[in-house]
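J.: Residue numbers (the numbering used here), protein chains in the order written: chain A, 871 to 1131; chain B, 59 to 436.
Treat the hints with caution; some may be incorrect.
Here are the simulated DSS-like cross-link-like pairs (lysine-lysine), alpha carbons at most 27 Å apart as the crow flies [claimed, not checked]:
| # | chain 1 | residue 1 | chain 2 | residue 2 |
| --- | --- | --- | --- | --- |
| 1 | B | 327 | A | 886 |
| 2 | B | 80 | A | 1060 |
| 3 | A | 1066 | B | 103 |
| 4 | A | 1107 | A | 872 |
| 5 | A | 886 | B | 81 |
| 6 | A | 1067 | B | 103 |
| 7 | A | 1066 | B | 80 |
| 8 | A | 1049 | B | 103 |
| 9 | B | 348 | B | 327 |
| 10 | A | 1023 | A | 1049 |
| 11 | B | 415 | B | 80 |
| 12 | A | 1060 | B | 165 |
| 13 | A | 1071 | A | 872 |
| 14 | B | 256 | A | 1060 |
| 15 | B | 327 | A | 1107 |
| 16 | A | 886 | B | 348 |
| 17 | A | 1016 | B | 103 |
| 18 | B | 256 | B | 433 |
| 19 | A | 936 | B | 327 |
| 20 | B | 415 | A | 1060 |
| 21 | A | 1060 | A | 872 |
| 22 | A | 1066 | B | 81 |
| 23 | B | 103 | B | 259 |
| 24 | A | 1016 | A | 1066 |
| 25 | B | 103 | A | 919 |
| 26 | A | 1060 | A | 886 |
| 27 | B | 103 | A | 1068 |
| 28 | A | 1016 | B | 81 |
| 29 | B | 415 | A | 1049 |
| 30 | B | 80 | A | 886 |
| 31 | A | 1066 | A | 936 |
| 32 | A | 1104 | B | 81 |
| 33 | B | 80 | A | 1049 |
| 34 | B | 80 | A | 936 |
| 35 | A | 1067 | A | 872 |
If you're looking for bench data, these hints aren't it; they were derived computationally from the structure.
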Amino acid sequence: MKIVVCLKQTFDTEAKIQLDPSGKISNENVQYIINPYDEFAVEEALRIKERLGQGEVVAVSIGGAKTEEALRQALAMGADRAVLLQDAAFEGGDWHTAAVILAQAIRGMEFDLILGGQVAIDDGAAQVTTRLAEILDLPQVNVVTKLDVDGRKVVAQREGDGATEVVEVALPAVITAQKGLNEPRYPTLKGIMQAKKKELKILGMADLGLDPTSVGSAGARTRVQSYALPPARKEGKIIGGELPGTAAELVRLLREEAKVI
Amino acid sequence: MLSFQLSREQEALRALARDFAKKEVRPVAAHYDRTGEVPWPVIRKAWEVGLLNIQVPEEFGGGGQGVLASCLMAEELAAGCAGISASIMINDLACYPIVAAGTPEQKERWLRPVCRDMRMACFCVTEPGVGSDVASMDTTARREGDCYILNGTKHFISNASIADYFVVFASTGRGLGHRGITAFVVERDAPGLTIGKKEDKMGQRAADTAAVMLEDVPVPVHNRLGEEGEGFKLIMGTFDRSRPGVAAAAVGVAREAMEQAVQYARTRKQFGAPIINHQAIMFMLADMQKDIDAARLLAWRAAWLADRGERNSREAAMAKAFAADTAMRVTTEAVQIFGGYGYSREYPVEKLMRDAKLLQIYEGTSQIQRLLIGKTLL
């Protein structure tokens, strides 16, 4: 079983989001992690390989030199090799161009299964893997909490409102991971040292044979106009005094100020 | 050439330790502080991911890392809990004399099970009457045929209650002072070895501390590390490698206190403004930040020298004293910034202050470090 895992490097969940003077999101003093949902995908790929006792797990990401850290972490967790898609021409792209780049890279690989996270915690778009499946014309099952490989097909579970959906799909297919699918392992110290010797290939425009008009700002279908931080939340109000006066005051405020009752 | 650039592997180890501290250490820190129980589940997980015995050579199953790597880990773990961090770091401290002076057969005998089977080791120097003045050791080892007979009491020994192997320093030549000290490995089931009751400590309560009593304990000659009289050199060599790590742990404790204080000062309002905007508080925080960074640099330099195989006794002493004193001052001021809340056990900063105090005492007090530094100036 050959498994490709698409992952994105994102800000740490605890990072403080700030804008720089030019109005873009500042990356000053920010720690980076593998997008947690993509980490579930890496873990699931490793578990499938371990269960089957054979196979290959390839981690793929788009980004700059910094993104190597995220791929190295996937290698330290146990992935066999990694591919970093890096080119100055990729800058200014969007979810569509990301999917175009990934599709082009993955087309050149042998694979049975493509895994990714259901959403990235930074932009929360949940677009790239879905678009990737469409471009590659593969079936996809998203927001999966349980996955079983059975020969040339997989059985995936999705949690809905009060119900569980069980989807069977033939391989090759694209699956996106939801929280609950598994508990990712730590990259062990031994894994970190072994990752040093594993292959991390860097591919750019020329290697991929991409058309410059299909990527970066030229290929993007969306454009960011501006960024704004959410307005500061107003301070809460504590109603002092004794019952039943406080209850009456609460009802009055809910009705007249908050206008929720 | 000067570079503060960590290697890719060192960055990855630091990220692993930070993640481990966040998920496995910090959430249980208050529990172990309250109960004083041995944090076995955390120690086991640390062993599973390879954070236990990171300085033991790879050929015996250890992490094969140097002192700087150990510092990176210590800072992150201690930011989560200094007591749990100490419990994890003690194995490397205790194993170092075996790594440095053990024969291949001795290394196989003790380092292998330490790494493979999660056996614990402890380092026994301190005695009821012997703290800073190591050379005046009262524990004796008397040669009798193929054995040494050990007698004496070791005090305040970290991980004593849970250790399988005791690296014990004893005098084989009374009157020879530091030239009469010899190192031995005593196994837990040795007849005559008993463990005292666990100390009820002020801070770092997750770290086990107890006395080790030796009463006519027969120790085979092949358990002696190095030659007779080489013990003092081994103790000092061990401290040169462990003190940068203690300094880094102090940086972790101080950093955690500062981060807590900054967060609190941003939200706490007095006189119509967050208190971080009041210069009195802002300057306290600024001093914390600068001293923490200075302490980290001293620790890294001392570690870097050790990893290059250069002498670092003075630099290790400077790092250890400065970082421990910084941790004490920073945690005290963090409590001050929190005010009444800081003194309450409901908030985490009072624990950091209690934990910090021990950093100024163990592995050579802040005063002994100054003595070491001062002697190089005479």
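J.: Tell me, which hint numbers fail for this structure?
T.: 4, 14, 18, 19, 20, 24, 26, 29 and 32
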